[in-house]
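Trainee: Use these hints to put chain B onto chain A, whose structure you have.
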Amino acid sequence: MAVYSKVEQRRAPSNTKGILHWLRDNLFSTPLNVALTALGIAILFWVIPPFVKWAYTDANFAGSTREDCSGGGACWVFVRMKIDMFMYGFYPSAERWRINTVYGFFFIMMVLFKYLKSASLKILLAHVYFIVGYFLVSGGFFGLEHVPTDKWGGLMLTIVVAAVGIVAAFPLGVILALGRASHLPIIRSISVTYIEFIRGVPLITILFMSSIILPLFFPEGVTFDKLLRALIGIAMFEAAYIAENIRGGLQSIPKGQYEAADAIGLSYWQKMGLVILPQALKVAIPNLVGVSIALFQDTTLVMIIGLFDLLAMVRLSAADSYWLGYETEGYVFVTFIFWFFCYSMSNFSQKLEKRFNTNLR
Amino acid sequence: MLALLRNQKVRGILFQFLTVVGLVAFLWYIGNNTVANIEQRGIQTGFDFLSGTAGFGIDQSPISYTEEDTHGRVFWVGLLNTLIIAFVGIVLATLLGLVIGILRLSKNWLIAKLARTYVDFFRNIPLLLQLLFWYNVVLRAMPSPKQSYAFFDMFFINNRGLYFPLPDYNTTFFMILGSFVVALMASLALNRWSNKRKENTGQDFAVLPWALGMFILFPILAYFLGGANLVFSFPALMGFNFKGGKTLSPEFLALTFALTIYTATFIAEAVRSGIEAVSHGQKEAATSLGLSNYQSLKLVVLPQAIRIAIPPIINQYLNLTKNSSLATAVGYPEIVTVFAGTSLNQVGQAIEIIMMTMLVYLFISLAVSALLNWFNHKMKIKER
Chain A
90 MAVYSKVEQR RAPSNTKGIL HWLRDNLFST PLNVALTALG IAILFWVIPP
140 FVKWAYTDAN FAGSTREDCS GGGACWVFVR MKIDMFMYGF YPSAERWRIN
190 TVYGFFFIMM VLFKYLKSAS LKILLAHVYF IVGYFLVSGG FFGLEHVPTD
240 KWGGLMLTIV VAAVGIVAAF PLGVILALGR ASHLPIIRSI SVTYIEFIRG
290 VPLITILFMS SIILPLFFPE GVTFDKLLRA LIGIAMFEAA YIAENIRGGL
340 QSIPKGQYEA ADAIGLSYWQ KMGLVILPQA LKVAIPNLVG VSIALFQDTT
390 LVMIIGLFDL LAMVRLSAAD SYWLGYETEG YVFVTFIFWF FCYSMSNFSQ
440 KLEKRFNTNL R
Chain B
24 MLALLRNQKV RGILFQFLTV VGLVAFLWYI GNNTVANIEQ RGIQTGFDFL
74 SGTAGFGIDQ SPISYTEEDT HGRVFWVGLL NTLIIAFVGI VLATLLGLVI
124 GILRLSKNWL IAKLARTYVD FFRNIPLLLQ LLFWYNVVLR AMPSPKQSYA
174 FFDMFFINNR GLYFPLPDYN TTFFMILGSF VVALMASLAL NRWSNKRKEN
224 TGQDFAVLPW ALGMFILFPI LAYFLGGANL VFSFPALMGF NFKGGKTLSP
274 EFLALTFALT IYTATFIAEA VRSGIEAVSH GQKEAATSLG LSNYQSLKLV
324 VLPQAIRIAI PPIINQYLNL TKNSSLATAV GYPEIVTVFA GTSLNQVGQA
374 IEIIMMTMLV YLFISLAVSA LLNWFNHKMK IKER
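These protein sequence lines map, in sequence, to chains A and B.
Following the working numbering, the numbering of the first sequence begins with 90 at its first residue and continues without gaps.
Following the working numbering, the numbering of the second sequence begins with 24 at its first residue and continues without gaps.
Chain A extracted, bound-state conformation (with noise of 0.2 Å):
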């Protein structure tokens, strides 16, 4: 009768498992790789200690004035002591809390959006909030100071461009997509023409439309004030965008589903708003994010006609005579800010594009 004893199980070779095994097959595979690696760590090295010593340990954080600033690095005093034009331009620092109260508010709402079940109350509410934080930004009412918006300036500015511009776009994208893929002619060719015609020219050429051309189209005593102008070039420019992305939402949903709606006996708003539309826009979204991330960088151009934005309020305050030469770390700072807002939704989008694609295959 045999005996068998145990075998103990024998570890697997050290050169497939472990770091050294990764090192080797990540980094180390070719000497070519080898070469590679070498240049990547040298890009590192090249970057990253020069910048951690200008931004951090060669930098002065502390201090109110120009004198405090003498690390030889970066000088955060001047961000610091600027933040408030950054973040409302010259809004009276009186009535910042009004700013303040619509920002909560936002927050209000985002965790109201994640426990309200019915979408037309949500949209009820998004209504309501615009409507409020108008009134608790621009004053006039219940006492409150009225701010007119040459007042307004800085990140504020740059939501409130970015915000209006997306949400005044949206419903005519909506209906210039519609048009386009309708089976009317006249009505296909008016959109097709708005839709090239805007997306064949650059932003400024527009915003430069809407700022000098926009006040002849009116009568004598018609005025628009010159974020009005700015908002109105910047809801025409991005509509023919957000109409382009919604087309290629509407041309994903399968024939079945006009057919089906048509069969029930629906109308044409019936069939779209009921039907079509949710299924298109839910295609959509994730390009519709990629829009507005674009729009969120082009709010910068408004500089360019004459309003405060954020990047025109760190070019400002750099133009200082006190504080002159510190424009780099305004420059930095500002990335800083642009960078997170859009690296979290082209984040925010790849998520949604992960949770999308699941359910329609």
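Treat the hints with care, as some may be off.
To be verified - Distance windows between CB atoms, simulated: (1) B:Ile-125 <-> A:Phe-219: 41 to 49 Å; (2) B:Asn-218 <-> A:Lys-443: 37 to 45 Å; (3) B:Ile-125 <-> A:Ser-159: 42 to 50 Å; (4) B:Phe-49 <-> A:Asn-436: 41 to 49 Å; (5) B:Gln-63 <-> A:Ile-264: 28 to 36 Å; (6) B:Arg-163 <-> A:Phe-219: 38 to 46 Å; (7) A:Asn-436 <-> B:Gln-67: 21 to 29 Å; (8) B:Asn-338 <-> A:Ala-144: 32 to 40 Å; (9) B:Phe-187 <-> A:Pro-274: 54 to 62 Å; (10) B:Asn-218 <-> A:Ile-264: 47 to 55 Å.
These aren't lab readings, by the way, just hints derived from the structure by calculation.
Where is the CB? At the ideal position from N, CA and C, for every residue including glycine.
Mentor: Below, chain B alone, put in the same frame as chain A:
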């Protein structure tokens, strides 16, 4: 009557009719107002201003331009400068984008991560901010001409721009220039011939060494045939500034850097998604047929990847061209800066000038989309 209104066709016609009436009424309304406003403000109309004297200087012009020239000439100078910056930006962004896109797919973990960081970083920062950064923080902060950075005593960089040597335009120079064109044509012809031969006989022909040889040999031949007389003019410090050679202004450099670095991120993404879109089975099939790595890349993967990657890349070219209008923030004299900017301020005829500027971009867009349609048609998978 009611039944007629329920008819889909009738409703369609009625709806379109109402839309047209509404649109015409709106256009008539703003047209009327515009005419009234223009009369009241005493703005001139028409395109006579194009032959009026401009009276301002432009510091970079590919064609001869003086202050006595007309606004019409300003338009052409601006248009040419737009095309120049677009061309330079497109070439550089394509090169950088290709490299970054391929590095993103590298098996080397560190390099792939670095390439990804590059893309994630630069495409989430507004182009205008990047442009201002390059212009104000990097290029304008360079030392004055006397303290400029020199490389091999031939290239100089200071706060007035980048200076580099340029050969004189003589026979030798043009012969060498021509020889490159000849080498290019010959290589293309050779490639055609080798493809044809491969289809007929199945024999391979190594085009690349021959083409490279031509590109090296032809210019050398041209140099001696042209009299071996290549004279470079070197930039040199004279008084307070450099003379000789060629100068690239800080405005041009900042715009080139910003457009290249920003657009390259999008091109890299297009390249990556094009290559990733080719299914793994295709590569495996190529390997199982006995194709080498290079052959499977050249004959199987790339032809399919290019079909997917080229349309978004061409769209990026269009975006780059439109984005070049941001030059107005740093003052590079392209069409928006000099024509829709300086000329508009002098003449005040906003409608004509902005419409002309928009038409230029529209024309470029239409040309590019025609190119794209042609490409898509040519690349369409030919199914039976």
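Trainee: With respect to the beta-carbon atoms only, verify the hint that Gln-63 (chain B) and Ile-264 (chain A) lie 28 to 36 Å apart.
Mentor: At roughly 34 Å between Cβ atoms, Ile-264 (chain A) and Gln-63 (chain B) fall inside 28 to 36 Å, so the hint holds.
Trainee: Using the Cβ atoms, figure out if Asn-218 (chain B) sits within 37 to 45 Å of Lys-443 (chain A).
Mentor: Given a distance of about 43 Å, which is inside 37 to 45 Å, the answer is holds.
Trainee: Look at the Cβ atoms of Arg-163 (chain B) and Phe-219 (chain A) and judge whether their distance stays inside 38 to 46 Å.
Mentor: 41 Å, holds
Trainee: Falls inside 47 to 55 Å, the C-beta gap from Asn-218 (chain B) to Ile-264 (chain A)?
Mentor: 50 Å, holds
Trainee: Is it true that the C-beta distance of Ile-125 (chain B) to Ser-159 (chain A) lies inside 42 to 50 Å, as the hint says?
Mentor: At 46 Å between Cβs, range holds.
Trainee: Can you let me know if the beta-carbon spacing of Phe-187 (chain B) and Pro-274 (chain A) is within 54 to 62 Å?
Mentor: Once the Cβ atoms are compared, 57 Å apart, the range 54 to 62 Å for Pro-274 (chain A) and Phe-187 (chain B) holds.
Trainee: Between Ile-125 (chain B) and Phe-219 (chain A), does the C-beta distance stay in 41 to 49 Å?
Mentor: Check passed, 46 Å falls within 41 to 49 Å.
Trainee: Using the Cβ atoms, figure out if Asn-436 (chain A) sits within 21 to 29 Å of Gln-67 (chain B).
Mentor: 53 Å, violated
Trainee: Is the hinted range of 32 to 40 Å satisfied by the C-beta distance from Asn-338 (chain B) to Ala-144 (chain A)?
Mentor: For Ala-144 (chain A) against Asn-338 (chain B), whose Cβ atoms are near 36 Å apart, the range 32 to 40 Å holds.
Trainee: Do the Cβ positions of Phe-49 (chain B) and Asn-436 (chain A) conform to the proposed distance bound of 41 to 49 Å?
Mentor: 42 Å, holds
Hint compliance for this structure: hint 7 is the single one not met.
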